[in-house]
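Produce the complete structure using the sequences and hints provided.
Taken in sequence, the protein lines are chains A and B. One point on numbering: in numbering that gives the first Met the number 0, the residue at position 249 of the first sequence is 248, and numbering is uninterrupted. One point on numbering: in numbering that gives the first Met the number 0, the residue at position 16 of the second sequence is 15, and numbering is uninterrupted.
Hints in this document: simulated from the structure, not taken from any laboratory. A portion of the hints provided could be inaccurate.
Within a straight-line C-alpha distance of at most 30 Å, the following computed DSSO-like cross-link-like pairs (lysine-lysine) qualify [unchecked claim]:
no.	chain 1	residue 1	chain 2	residue 2
1	B	K65	A	K271
2	B	K29	A	K48
3	A	K202	B	K62
4	B	K62	A	K155
5	A	K48	B	K62
6	A	K231	B	K29
7	B	K62	A	K231
8	A	K202	B	K29
9	B	K65	A	K120
10	A	K55	B	K29
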Amino acid sequence: MAMQAARRLASWSLQRRLLLPSQVQAPSIPTAAAAAAFLHSHATSFGYKQVREEDKSKLVGNVFSSVASSYDLMNDLMSVGLHRLWKDRLISKLNPFPGMKHLDVAGGTGDVAFRVLERIKSVGHRAMQGTLTETEEDTHIYVCDINPNMLNVGKKRAAERGYSKEHCLSWVQGDAEALSFEDGSMDGYTIAFGIRNVTHIEKALSEAYRVLKRGGRFLCLELSHVDVPVFKEIYDVYSFSVIPTIGELVAGDRQSYQYLVESIRRFPNQEKFAQMIQEAGFQRVEYENLVGGVVAIHSGLKL
Amino acid sequence: MRRTAALLSTHGGRSIPRALADVLVCPLSKQPLRYCEATGSLVSDAAGVSFPVLDGIPSLVPKDGKLLDDQEVKSEQESSTTDSSG
Chain A
0 MAMQAARRLA SWSLQRRLLL PSQVQAPSIP TAAAAAAFLH SHATSFGYKQ VREEDKSKLV
60 GNVFSSVASS YDLMNDLMSV GLHRLWKDRL ISKLNPFPGM KHLDVAGGTG DVAFRVLERI
120 KSVGHRAMQG TLTETEEDTH IYVCDINPNM LNVGKKRAAE RGYSKEHCLS WVQGDAEALS
180 FEDGSMDGYT IAFGIRNVTH IEKALSEAYR VLKRGGRFLC LELSHVDVPV FKEIYDVYSF
240 SVIPTIGELV AGDRQSYQYL VESIRRFPNQ EKFAQMIQEA GFQRVEYENL VGGVVAIHSG
300 LKL
Chain B
0 MRRTAALLST HGGRSIPRAL ADVLVCPLSK QPLRYCEATG SLVSDAAGVS FPVLDGIPSL
60 VPKDGKLLDD QEVKSEQESS TTDSSG
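See the structure below:
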């Protein structure tokens, strides 16, 4: 019952926008460079604080080391369980298939990776009536996270769920801005609630583009910008008063959650971010707002 | 393309599974990595950097890479470790 209400809420004010089939079809270098230069300054943001670029990754690292163990519980509390539906939505857009090579970035706790795997299994089993096919054995999901604590949580959870025997999950500590995967090696790339914490978003996007195969899909789930008048005010109160308090009570860490809400407001809005994805070379870029823009799912194809 | 895998396959279970080794490259040079049994690390000869493997998780964050000693890179080369004291 609660789930049903949540589902309705999650799809409330669901909007879909297809961006113009990029005015710059093959993004001309000067435009992309100019945009990158514009987005780029040597000072970067850590929430509302201006910090030096070198410091941001360290500060973000501290946040996630500090909250790793209570990360998923906090997500449940803060989003009243909605993050599960948002992630399910992300997976259905990804449309995983048996034999797929998939990279989930910033997904250390395995939340997205396990969903991809489950979906592939259900697809495979429906088609093959329970027998493990060779294609299914080729399936591989790579989880990349810069934070070792988050990866350890994920690895432990994978073992608890009995995934470690199947050899279809790999854990790699790595930087979204300098991925350690071969060019054109992935069918899919997801990043859920991660790109906001990256120091240079455009570098992460171009790395995503690099590792994807032609035809591969980029999907990004991120907390975004609410533009619905009254709802925006409520959301602001919730963000700036309620969330840091929950953070303090549950994770024992108010500051990390203060950073979280500030970083959401600093992140480029839906249109701007879609434009950045196009500038990285992706085509058919579109986004979907969920819950009035509390979160957005951006998608693009490498063609 | 499968050079990393070839180097790892002789090593068996302990190091890095093949599916992972097949796609891993150096995050800096994007060139293949070599597994060094002696140090239990992944070496990028192109970048002259080695990356640790911790609890079976390769740590391929550029800033965690360690510059290789000159003798590890080229044994015949005379060592001139002036800028990496410590």
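Exercise. Please flag the earlier hints that this structure goes against, numbers listed from lowest up.
Key: 1, 2, 6, 7, 9
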